[in-house]
Amino acid sequence: MDKKIFIEPIFLKNPITVLVLGICSALAVTTKLEPAIVMALSVTIVTGFSSFIISLIRNTIPNRIRIIVQLVVVAMLVILVDQILQAYAYEVSKQLSVFVGLIITNCIIMGRIEAYALGNKPIPSLVDGLANGFGYGLILVALAFVRELFGSGTLYGIQVIPLSWYSVNGGFYENNGFMILPPAALILVGLIIWIQRSFTKELIEK
Amino acid sequence: MDTNKNLYTIVYSTILVVVVAVILALASYLLKDRQQRNVAIETKMMILKSVNLAKDASKADDKPTYIEQEYSKYITDSSITEGNKTFPLYICRLENQDKYYIVKLHGAGLWGPIWGYISFKSDLSTIYGAVFAHKGETPGLGAEISTDHFSGQFIDKTIFEGENFVSVLVVKGGGAKGNHEVDAISGGTITSKAVEAMLKSCIGDYLNFFKANLNKATAPLYDSTMVNPSDSTMLINQIDTTKN
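Protein sequences appear in the order of chains C and Y. Note that this note's numbering has the first sequence beginning at 38, numbered continuously upward. Note that this note's numbering has the second sequence beginning at 2, numbered continuously upward.
Mixed in with the good hints there might be a few duds.
[Unchecked claim] The calculated lysine to aspartate or glutamate pairs, modelled on EDC-like cross-linking and capped at a C-alpha distance of 16 Å, are:
| hint | chain 1 | residue 1 | chain 2 | residue 2 |
| --- | --- | --- | --- | --- |
| 1 | Y | Lys105 | Y | Asp63 |
| 2 | C | Lys158 | C | Asp39 |
| 3 | C | Lys131 | Y | Glu43 |
| 4 | Y | Lys33 | C | Asp119 |
| 5 | Y | Lys105 | Y | Glu43 |
| 6 | Y | Lys201 | Y | Glu162 |
| 7 | Y | Lys201 | Y | Glu182 |
| 8 | Y | Lys136 | C | Glu128 |
| 9 | Y | Lys45 | C | Asp39 |
| 10 | Y | Lys86 | Y | Glu182 |
| 11 | Y | Lys178 | Y | Asp206 |
| 12 | C | Lys131 | C | Glu71 |
| 13 | Y | Lys56 | Y | Asp78 |
| 14 | Y | Lys136 | Y | Asp157 |
| 15 | Y | Lys136 | C | Asp119 |
| 16 | Y | Lys64 | C | Glu128 |
| 17 | Y | Lys56 | Y | Glu69 |
| 18 | Y | Lys194 | Y | Glu182 |
The hints are simulated quantities; they were obtained by calculation from the structure and are not laboratory data.
Using the sequences and the accompanying hints, generate a full structural model.
Okay, here's the thing in structure tokens:
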């Protein structure tokens, strides 16, 4: 199997910074590291398996209703994941809360099914789905790292910036409130895209 | 086979929907007992946490059993009747005979329901502990109401000023001061305000009960606070005494 299927979505064809898919959730869930990581994992699982299932039945799907078929499969997977989490990992399911529903609307899932799984064999489709979820997760974690560090002074809920630095305790430091608002994430995504493009020849338009 | 024929499309979609429905119904049927048990345990844990118990629930080997044991050890389910409605009231009795009253809270947040439990010392004005939970508030913003950092602020606040019910206000800009104010969550103002509204309306349901016992408790309470004086209870008692 071609290694490219796994490597490309992580950098050269990263769903967020290059394909610009899944931006909405990248803005919404990256105020803290913990939900960002849980979201990244869930999306990875759902993209992987939905690509796999759609690829299995790709030759039988009537073309006119293919988007509906894809949605039904994705929605089923998301509900299953949600139900299983509620039964066996209640704590995690509470953290995910509204995100589980949001996964269905994540453009990456439909994007990968349309662009890849419909025309490729099940195993490469599974790898493609997982890799795209991973590439998405990487950016999510990077954003959440910066936003949580500067917005809340914590990382994964643990205080990193010394409490004595804060001006309320007589220090000089203040958390940057802007960081926890969605526009900050948009600007950070923009910066990441800028940096990635200026260092990658393949991405520079002529 | 021609997958573009109408009949094929109809049959295909019917089969697909039936298959998916069966899978989901089966999953729901098989997992229901466990899910309901999880919810019941969660409710009991929240009640315990509102009186600062069950602190090491996450360390317990068998969390559900641990919660059940703690719950039956300390908490008594009770209720009060107001008009023709019945409101649940949980009573917690510790080993040292301290008694706390726990009130159930429920309200609407920004995206969905929010709920919680709040416990009062036996003066029925001083908050002993609080927990909040939510269905779908924005993570990192409104969802922060469920953190100890937020709910911890309520401890030792009072909901009565003299005999007037003032509840606890959630204020913006880190300017909370006095016995009736806590800080809102930055970026989560709507959810924070929803907590304030929830406190006001839910405690309001119990107001007659609270007021009746607030007055009754004043005299003997003065003695009990001497044993374990806390600033806020002293304040209430002093105000009450001057009024009397």
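Do the hints match the structure? See the list:
1. Restraint check for Y/Lys105 and Y/Asp63: the C-alpha separation of about 26 Å exceeds 16 Å, so the hint is violated.
2. A C-alpha spacing of about 13 Å is found between C/Lys158 and C/Asp39, which places the hinted pair at or below 16 Å, so the restraint holds.
3. Taking the CA atoms of C/Lys131 and Y/Glu43, the gap is near 11 Å; set against the 16 Å cutoff, the hint holds.
4. Restraint check for Y/Lys33 and C/Asp119: the C-alpha separation of about 12 Å stays at or below 16 Å, so the hint holds.
5. In summary, the hint linking Y/Lys105 to Y/Glu43 is supported, as the alpha carbons are separated by about 14 Å, within the 16 Å threshold.
6. Simply put, Y/Lys201 and Y/Glu162 have alpha-carbon atoms about 14 Å apart, close enough for the 16 Å limit, and the pair holds.
7. With a CA separation close to 13 Å, the supplied pair Y/Lys201 and Y/Glu182 stays within the 16 Å bound.
8. For a cut-off of 16 Å, the pair hint linking Y/Lys136 to C/Glu128 stands: about 13 Å separates their Cα positions.
9. Simply put, Y/Lys45 and C/Asp39 have alpha-carbon atoms about 53 Å apart, too far for the 16 Å limit, and the pair is violated.
10. Distance restraint check for Y/Lys86 and Y/Glu182: the Cα-Cα separation of roughly 30 Å exceeds the 16 Å cut-off, and the hinted pair is therefore not satisfied.
11. A threshold of 16 Å between alpha carbons decides the hint, and for Y/Lys178 with Y/Asp206 the separation of about 26 Å lies outside it, so the pair is violated.
12. Distance check on the hinted pair: C/Lys131 and C/Glu71 sit about 12 Å apart at the alpha-carbon level, within 16 Å; holds.
13. Proximity of Y/Lys56 to Y/Asp78 is assessed by CA-CA distance (about 21 Å); at most 16 Å being required, the pair is judged violated.
14. Taking the CA atoms of Y/Lys136 and Y/Asp157, the gap is near 27 Å; set against the 16 Å cutoff, the hint is violated.
15. The straight-line distance between the Cα atoms of Y/Lys136 and C/Asp119 is roughly 14 Å, inside the 16 Å bound, and the hint therefore holds.
16. Restraint check: the Cα-Cα separation between Y/Lys64 and C/Glu128 comes to about 12 Å, which is no more than 16 Å; the hinted pair holds.
17. Between the alpha carbons of Y/Lys56 and Y/Glu69 the distance comes to roughly 14 Å, so the proposed pair stays at or under 16 Å and holds.
18. Taken as a hint, the Y/Lys194 and Y/Glu182 pair is honoured in the structure, with Cα atoms around 12 Å apart against an allowance of 16 Å.
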